[in-house]
Amino acid sequence: MASLPAIKQPSVIPGFGLTLGYTLFVLSVIVLLPLFALFAKASGLGFSGFWQVLSDHRVQSALRVSFGVSFLAAIFASLFGFVIAWVLTRYSFPGHRLMDAVVDLPFALPTAVAGIALASLYGSKGPIGSLLEAIGIKVAYTPVGIFVALVFIGLPFAVRTVQPLIAEIEREIEEASATLGASRLYSLVHIILPPLVPAMFTGFALAFARGIGEYGSVIFIAGNLPYVSEIAPLLIVIKLSEFDYSGACAIAVIMLAVSFACLLLINLIQAWSRRRFGHV
Amino acid sequence: MSETTAKSNVQEPAINSVVTESRGTRALLIGVAVFFLLIFLVVPLVTVFQQAFAKGVQAYFASFDDDDAQAAIKLTCIVAAIAVPFNLVFGIAASWAIAKFQFPGKSLLITLIDLPFSVSPVVSGLIFILVFGAQGLLAPLLNTFDVQIVFAVPGIVLATVFVTFPLIARQLIPLMEEQGNGDEEAALTLGASGFHAFRTVTLPNIKWGLLYGVLLCNARAMGEFGAVSVVSGHIRGLTDTIPLHVEILYNEYNFVAAFAVASLLTGLALVTLVIKAILTWRYSSELAAGAH
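Residue numbers (this note's numbering), protein chains in the order written: chain R, 1 to 280; chain V, 1 to 292.
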């Protein structure tokens, strides 16, 4: 495109102006303008308006539940996600391919469907819920239920971020380590794990960020008791139904700020990891 | 999945190899991983169908013999029929601009395209109320022309487009970057027009990634719950999509009908996963890695 000679390097391939222009236009209308509306509304609140919303105990406990349970669920998903990624990449067993495909289920299954399935499984009359209740663990209508739903949602992020890196590990390095007399455990801790840790953190941050905002899979199993198992996204919905737009925006901005911080953290980890280990 | 992952599936280390764990450790880890996947993913999936057929095949099919259910299915199809092609055109344009050319600000652009992934579904609905709602940014304009966006079908479409926005672009960008510009440059040098080069050279190279992107986008568009729930207004028979209808039925304790309607979306998710598995297995090099 002759109109944009300065901003791109020369190329014989046509369509730069058209495709970039269209991309920027659609991005602005669909994504940037609506997000701008949120920040405009929130900045209209001012510091005192924000403080008023946040000083409400119900808002505080909803944020505490959302952040706290997401954090725990993301840790749990990262640890088991690592074991699953390791087993799927390194070992071969019957049903291997099926198990690998199943990992993506939470990406494709609608959250509301996951929500009602988990609620009926873990309810006090459900097959898993009744078993757990017999040993004194009540899942449905407690924060434990939120935890179960968020592990479901976070698991594919944890598995899929480490899996390609486990596949990339060069066997020669492990062989060298073993030949030089290292035990398998020593090789694992000192040779194999260090380059995987950044990816595990990325998986954790993705699962955590997703967990904070998750709505559909949580609300059916959580019971939504204010101060106990009410999550921040649900409180936004409640405030909207009461036409309290300021309250809804204040909570939304806090959730977005934490999500964006996670996104930034992921980018920093990946940049550091590229420099340190030479892979993405 | 990258090529290496697919290949590693068939790579069985020798039993006594120094680069694997002892037999017992391996069995234990496989056991833990499979148990975890079964309990957390497979059992909920089976539950959907088990509950849907709990009162027999007839009760299952009777669940669809209902005006509201049919209206919800129809609305969901309409929304997907608009949102998916929209994101398809965007995805192709964005990946062409990003993968084929070098320009400053590229990584910022990719980050901005990814933004909807880090926005809670509920907030994704909220922002459209702030733009198009009764007190929204564009309210005076909408009132002048007497157009209703939120609590109506256009709002549902917009929220769905927002939530599924990055999916196809995310699938295509790494794929087109990996393939480089050589093929297109050759076609153009031989006299092909830009569009002709895209259709006959680029498109065949990206078709499997594109297919998976479209399928995943469609599954997500039809299944979106949080964002659509906020902008829909829940007018039964008019602005209820399948997931919203599932919620209503479940809250009315009509479990067979709720799971029966939910089984449609579950079937769609399964088809999407099966096609992804086949594509990963057969065309792994043509299906670039993407976490979503």
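Simulated from the structure, these hints should not be mistaken for laboratory data.
Treat the hints with caution; some may be incorrect.
[Stated by the list, open to error] Just a few of them, taken from the derived set where beta-carbon distance is under 8 Å, the chain V residues facing chain R:
1. T20
2. G24
3. F53
4. V57
5. F61
6. I127
7. V214
8. Y253
9. N254
10. V256
[Claimed, not checked] So these bits of chain R aren't anywhere near chain V, every CB distance computed over 12 Å:
11. F25
12. F47
13. G49
14. W51
15. S61
16. D100
17. A119
18. V148
19. R171
20. E175
21. H190
22. G213
23. S217
24. Y227
The beta carbon of each residue, even a glycine, is placed where N, CA and C say it ideally should be.
Structure-based check of all given hints:
{"no.": "1", "hint": "T20", "verdict": "7 Å, holds"}
{"no.": "2", "hint": "G24", "verdict": "12 Å, violated"}
{"no.": "3", "hint": "F53", "verdict": "14 Å, violated"}
{"no.": "4", "hint": "V57", "verdict": "20 Å, violated"}
{"no.": "5", "hint": "F61", "verdict": "19 Å, violated"}
{"no.": "6", "hint": "I127", "verdict": "4 Å, holds"}
{"no.": "7", "hint": "V214", "verdict": "13 Å, violated"}
{"no.": "8", "hint": "Y253", "verdict": "11 Å, violated"}
{"no.": "9", "hint": "N254", "verdict": "11 Å, violated"}
{"no.": "10", "hint": "V256", "verdict": "11 Å, violated"}
{"no.": "11", "hint": "F25", "verdict": "10 Å, violated"}
{"no.": "12", "hint": "F47", "verdict": "20 Å, holds"}
{"no.": "13", "hint": "G49", "verdict": "15 Å, holds"}
{"no.": "14", "hint": "W51", "verdict": "21 Å, holds"}
{"no.": "15", "hint": "S61", "verdict": "18 Å, holds"}
{"no.": "16", "hint": "D100", "verdict": "7 Å, violated"}
{"no.": "17", "hint": "A119", "verdict": "8 Å, violated"}
{"no.": "18", "hint": "V148", "verdict": "8 Å, violated"}
{"no.": "19", "hint": "R171", "verdict": "5 Å, violated"}
{"no.": "20", "hint": "E175", "verdict": "6 Å, violated"}
{"no.": "21", "hint": "H190", "verdict": "14 Å, holds"}
{"no.": "22", "hint": "G213", "verdict": "3 Å, violated"}
{"no.": "23", "hint": "S217", "verdict": "9 Å, violated"}
{"no.": "24", "hint": "Y227", "verdict": "20 Å, holds"}
The structure fails hints 2, 3, 4, 5, 7, 8, 9, 10, 11, 16, 17, 18, 19, 20, 22 and 23 (numbered hints given earlier, in ascending order).
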